[in-house]
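S.K.: Each chain, written out:
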Amino acid sequence: MIFQKLTSEIDTALNNFDEYLEENNNAMMYFTADIPLEIISAFNFIPIRIPSEIEFNSKNKSTNAIFQPFICSKSRQMLDFLINNNIKHAIFSENHCDSLQNLYDVLRLNESIPNNFQYFRFLLPVNRGGKAETKYYQKEIKRLVTWFEKTTGEKLTSDKLKSSITLHNTKRKLLNTISDMVLEGKIQNNELFKLKLGSDMFPVQKSIDLLNSIIDDRQTIKESNPSPKVILSGSMFDNFEIFEKIPVLNNAVAFNDLTFGSRSTTFEINNQSDDLDTILENISKAYIKDRISDSVHFYPNQRRDYLLSNFERTKAKGVIFIYYSFCDPDAFETRNLSRHLEKRDIPILTLVTDPKLTNIEQLATRVEAFLERIGDL
Amino acid sequence: MIEKIDRDPTERAYNKLKSNSYKKYTISYYRNSKILPKIPLLNKKVAWVTSGAPVEILVAAGIMPLYPENYAAIVGGSKQSVDACIIAENDGYSNELCSYARCHLGTVINPSGSLMGGLSKPDIIVSCNNICGTVLKWFQSISEYYDIPHFHFDTPPIVDTKLGKTQENHVFHYVRDQLDDYIEFIKTHTGKRVTEKKIMKVLRLANKATLLWGEILDSCKATPTPLNCPDRFITMAPIVAQRGMKKTITVYEELLEEVHQRVDSKTGAIKNEKIRLLWDNIAIWFYLYPFFNKLAQRGVVFPVDTYTHAWNMTGSVDNYEDAMNDYAKMYSHVYLNQDLSYRVELISKFIKEYELDGFVLHSNKACKRYSMGMLSYKKAITEKTGVPGVIIDGDMVDSRNFSEEQTWTRIESLIEMIEARKS
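If you read the sequences in order, they're chains H and V.
Residue numbering for the first sequence follows the numbering used here, starting at 356 and increasing by one per position.
Residue numbering for the second sequence follows the numbering used here, starting at -13 and increasing by one per position.
Just chain V, with the same shape it has in the complex (with noise of 0.2 Å):
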């Protein structure tokens, strides 16, 4: 078991953040998604997403966007993830899907006892296979349980980028197209109609946004690193869930000023930072806080992680054509849609870019998109950069999948080496 140092065990080994905003923003979407389409006057639609589906589009015509994955993490978060996922279970879903698909489901057929009464009912529901494939099956469940139009945007992966090769010229055309296929879809389904100015104005919100995102991720190089893990994944919500609302770059602009006022005092995100480690997967919800204050106790932080990197993409915002083209490209070039060889590059850049001690890597149960192959790119991790990884084994909301005393043995000895390493 990892033990505390040094400190009175009272005393909080972490610094809290200030800024508040971003989770004022997300309890206000939540209730307003809630009250606004109920209002005749407003005919204000509402669409599911996946968190990797372009949102920018549905936010240009007026649509409210519901992420099934953020509130999954949400009801994770608050506990009451596993009664929905047996509830789902108990339907007929197999106790081995995803458990963000668990726990959603087990709230759509459960609403009235689940958090916030579940999300609002959809009008049309949009999934995206960069992220994984899951969400294509998980949706079109949830599209014949309402009896909802569903749109699937098809992203074939990135393949041999050993070899240096990008993406195909007719894979771009497929995928290019279907954002055109996709603002025929809303009108056809929805009535709204999005004018390529409306599309402009949300992209360049959601790019502004998404620099100031992606400013904050880097400020994080450096030493005492301004944010930890938790204060990432928990500042994340807005970048996933508004992107392309004004709201969200004040939200980000006040998180930006915070970072830079604790890097230029060498105020760390813990308070007596030793180890910096990666994060690799979607994080443990139900254990979040415990699993990285106790490791925060022992001076471990984590300035990096892979999951909230993968919002971390902009293009061009002159003009309409180029924007889409770069889109499309944007869409397809997420994290989890490239191969495994990205993987270990972009890995062991971070470790490179944020001086890093070493790396954690969730083997998620729940999530094989992100957890196949993982034990072949630790070792090729470790190889190309010389630094030590640890693979534990968990679940992002499925706490029947995690073990607590498991998880710090393998941690404890991870610890161990870079301390000796470090001696």
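Chain H extracted, bound-state conformation (with noise of 0.2 Å):
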């Protein structure tokens, strides 16, 4: 009953999501895993990933006027979210792909920016876990506070950023237990990634609630396990609409390796000091070292680290991957994985598709005979 009342809220709001940017006049609008939510938060903003799962008549230009066909088809789904809704504020991710690297310049360009449009443009490193990204993100988020300062008129202090590090921590904490509730059987794949879409588009505060609130109601369900089991891994995939429309892959997937999926969660900030400086550092090296990275970035072995002991602990069968069709770097990285998985002879599938999911019926067959493959094993 609780589930289907959040359902019904977030549907509700994706369906009619011009309405719930105007009813949330705060929403700052952005799209990659590394932007630090905390920062957003701290200055009352509400972060909200821009979703595919969105659904809105196209009033403006047509983005196949814009851009040419092999551009890949997250970038085409973020324009044309961009171009048709009324956004007062965004972040845009620089340095993340060859395809995301000028998507503000193509909305100027093509004069798809109201005159209040309020941005900043994430100068993000690619280099990830050492020493010297994590000093660089450090001063651009540096950069992010005076930008937001200036924004707003307000002065960030450290205790307003330690109190929206503790929201952010909570509910990462909060996914994490969800996730191993699917593990267990008592939450489904689609369930989890409703409540992740959700929390990726409520107020902190609200998201916590929410989560607690499922937990809470599913804690005492018996643990049911039916096999086989696999790995869904990927990184900008972020349809997870998936999982309705594909039942079979919905009660296969053990565990996700995916950016917006477990890779979102699976890191805390401390915020044990009182100095802003230190804080910042701290939100520095979550982001840069502790976070599982992307295919775009520069960690090497992390990735695959990762994947293979989250195989190992779900005792998985499989590794399913899934990526947005011309996504270059979704595209190489799982070849990369694929060939360590077949050193060690695990079975793999590898899934193309776009935000929309117009292959759905393809995809779905190709599912279940992976799966009837490795049940057999």
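Bear in mind the hints are in silico, worked out from the structure with no lab data behind them.
Careful: at least some of the hints might be erroneous.
Restraint-style ranges between C-beta atoms, simulated for each label pair [claimed, not checked]:
1. V:N96 to H:G540: 42 to 48 Å
2. H:D645 to V:K151: 29 to 35 Å
3. H:R721 to V:Y132: 31 to 37 Å
4. V:K10 to H:N470: 57 to 63 Å
5. H:I715 to V:E(-3): 32 to 38 Å
6. V:H175 to H:I357: 52 to 58 Å
7. H:Q657 to V:T152: 30 to 36 Å
8. H:R694 to V:K107: 17 to 23 Å
9. H:F622 to V:E390: 48 to 54 Å
10. V:K173 to H:K698: 27 to 33 Å
11. H:N470 to V:K151: 17 to 23 Å
Facing chain H, according to a computed beta carbon distance under 7 Å, are these residues of chain V, among others [to be verified]:
12. S80
13. N115
14. G119
15. S127
16. P143
17. Y160
18. R162
19. E259
20. D325
21. L326
22. Y328
23. S349
24. R355
25. S362
The calculated lysine to any residue pairs, modelled on SDA-like cross-linking and capped at a C-alpha distance of 20 Å, are [unchecked claim]:
26. V:K365 to H:S467
27. H:K490 to V:T300
28. H:K505 to V:K151
29. H:K486 to V:N387
30. H:K486 to V:T174
31. V:K148 to H:E727
32. H:K698 to V:I128
33. V:K148 to H:S467
34. H:K486 to V:Y168
35. H:K486 to V:H156
36. H:K505 to V:D77
37. H:K698 to V:E75
38. H:K672 to H:E727
39. H:K490 to V:H156
40. H:K561 to H:F398
Think of the CB as a built atom: it goes at the ideal place given N, C-alpha and C, for glycine as much as any other residue.
Dock chain one against chain two, each of which comes alone in its own frame, and use the hints as you go.
M.R.: Right under this line is the structure:
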């Protein structure tokens, strides 16, 4: 019952996103998982990840008139979203990938930005895990803080930031708990990702309340463990309606290795200090060293080790890779990770789709065949 | 289709370059790269580098740099690239990936069946994302395939140039500090020491070669223009792949002399120059001469392109600190690492300075960084300059993504538009 109420609230927001943004005048749109949400919330903005699941009518220019067919399908979807919604604030992730690098310029050149649009172009490091990039990221988030202070006229204090970190740490922990409940059979993947979607668009305190209520509701359910089990792995893939549209996948995924899934929650930020600089340093360490990197990043072996350790932990029987068409980093990463799995005789399946899952029937057939295959092993 | 005009069809429409040391130099460089690393006494190490990576430090360390992109272009020009791409695709690489990467990876997987037996196996690899993000993943594949060390030089892009913004100070320091890490990486993984003195010597040589290359490119402003696109595409190899080597200077001195002679004697790259265009993006290597020669027969020449101008940046060589600071800035500011406003400004500037009638944008399926936003900046350039342009679809080395017929239809409409304006 609690879950149905939540689903209905999320679907209403997604289907009337313009209205949702109108009601939440302080929405800050972002689209990669290395944007420090703690800072956004500390300035009383609601961080909202641009979702793939959103439905809207294209009122303005069509992306087909702006992008060639080989530009990645996620960039097209994001451009469509930015053109067709009344966005007031956004953080653009620069240095992320070739398709996103010039997204803001494309918007500007097509005169698709409202006059009062406020934006920040976050110059992310590609290198991850080392001291130099951590120090660099810290300076870049200081630039972000300065931009927020200028935009809002408010000064960031360590108390505000610490509170925000506490809330986001709590949210991440709760999502990890729910992720474990998937493995225990107490919650379904479609439910987990519906919650994740809600937590990526609701104010953080509201998300915490919802997550807590779901955990309380499901805690008493007896464990059930249907087989076979697989890991779903990818980076930019983010249309979690796939679990509703392919029920066998929903039942089979034991763990997700996805940017906006487990990889956005498996880190915690230390907020024990009262010194603002130290807190910013801790945020940098968490995002650059601790967070499991994405396909666009250079952090040798981290993704491989994370995937393999979770494969062992969950006693999975195979790995399904999924990525959006024309996403070069994901396509390369999939091939590179596959090589490591092949050496270990781990069965793999690679799915390529787009943010609207237009080839869903084909995907379903391939998933079913793969599960049959590994079920026989 | 483009029609030939007023000429004997067997007559060549272009003036062939007499300078050929660039060709001999490139051939001998590749030949040496196959032989020298095999001589134990020389202890010659090989590095594979991306075209935007800081190569001068490798040269100063006595390491032989090899460029998979350059090699893929040669394989493409030899019309062997599709076979190589298919090998990579059969190994699991998506056919949507960069065709330089697929072509090169195909030769890594199957060196014995590849042109020149593939590139000599590297001891280290170095990538830099100032030209694209794909090179990182491509080189990561190689690093894992051979199990060899990989250094990635991270250069955050230059954005908001329209607002007059330059590189943020902390971005500069991030890039600059990586140069020190890079020197350390070379020492750790090859045992080669690099001294400040050696680096300065190489940087001075690289600067000199780049100045010569810049002068050659500038000379193309003349009417008739002394060099056409294929001339520059073919002669650019040493400035990309052998910067910082003495011989590169000799090669460009020879070429500059011929360019000067052509300018003085009003000898054009093509025999009957009528229309001057700009080329944006990487060459279509497998169709290089048929494309430009067919246009040359129509009197169409390309005095400038954004591709070869990408290697036209120099910095201070007075002292080590200033040189390394400039070096960090230089590698951050390459054409493809700046925003689209910069592209609009640069192409518009070229249109004015080279007195061009139009421009051709190659929408390159294999290069997303170069092609992303092209439909938008085409419009902006025309609005700014009043000069028409056309977008053609292609691919640098995968001929499966190129349609000759469609290309000529579009080019023809641009030429007709320009001819109508001129008359």
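S.K.: If a hint holds in the structure, say so; if it does not, say that too.
M.R.: Now for the hints, and whether the structure bears them out:
no. : hint                          : result
1   : V:N96 to H:G540: 42 to 48 Å   : 47 Å, holds
2   : H:D645 to V:K151: 29 to 35 Å  : 31 Å, holds
3   : H:R721 to V:Y132: 31 to 37 Å  : 32 Å, holds
4   : V:K10 to H:N470: 57 to 63 Å   : 59 Å, holds
5   : H:I715 to V:E(-3): 32 to 38 Å : 59 Å, violated
6   : V:H175 to H:I357: 52 to 58 Å  : 56 Å, holds
7   : H:Q657 to V:T152: 30 to 36 Å  : 33 Å, holds
8   : H:R694 to V:K107: 17 to 23 Å  : 18 Å, holds
9   : H:F622 to V:E390: 48 to 54 Å  : 53 Å, holds
10  : V:K173 to H:K698: 27 to 33 Å  : 32 Å, holds
11  : H:N470 to V:K151: 17 to 23 Å  : 20 Å, holds
12  : S80                           : 4 Å, holds
13  : N115                          : 6 Å, holds
14  : G119                          : 5 Å, holds
15  : S127                          : 6 Å, holds
16  : P143                          : 6 Å, holds
17  : Y160                          : 4 Å, holds
18  : R162                          : 10 Å, violated
19  : E259                          : 31 Å, violated
20  : D325                          : 5 Å, holds
21  : L326                          : 4 Å, holds
22  : Y328                          : 9 Å, violated
23  : S349                          : 5 Å, holds
24  : R355                          : 4 Å, holds
25  : S362                          : 4 Å, holds
26  : V:K365 to H:S467              : 15 Å, holds
27  : H:K490 to V:T300              : 29 Å, violated
28  : H:K505 to V:K151              : 17 Å, holds
29  : H:K486 to V:N387              : 43 Å, violated
30  : H:K486 to V:T174              : 18 Å, holds
31  : V:K148 to H:E727              : 56 Å, violated
32  : H:K698 to V:I128              : 17 Å, holds
33  : V:K148 to H:S467              : 17 Å, holds
34  : H:K486 to V:Y168              : 14 Å, holds
35  : H:K486 to V:H156              : 14 Å, holds
36  : H:K505 to V:D77               : 52 Å, violated
37  : H:K698 to V:E75               : 19 Å, holds
38  : H:K672 to H:E727              : 11 Å, holds
39  : H:K490 to V:H156              : 9 Å, holds
40  : H:K561 to H:F398              : 16 Å, holds
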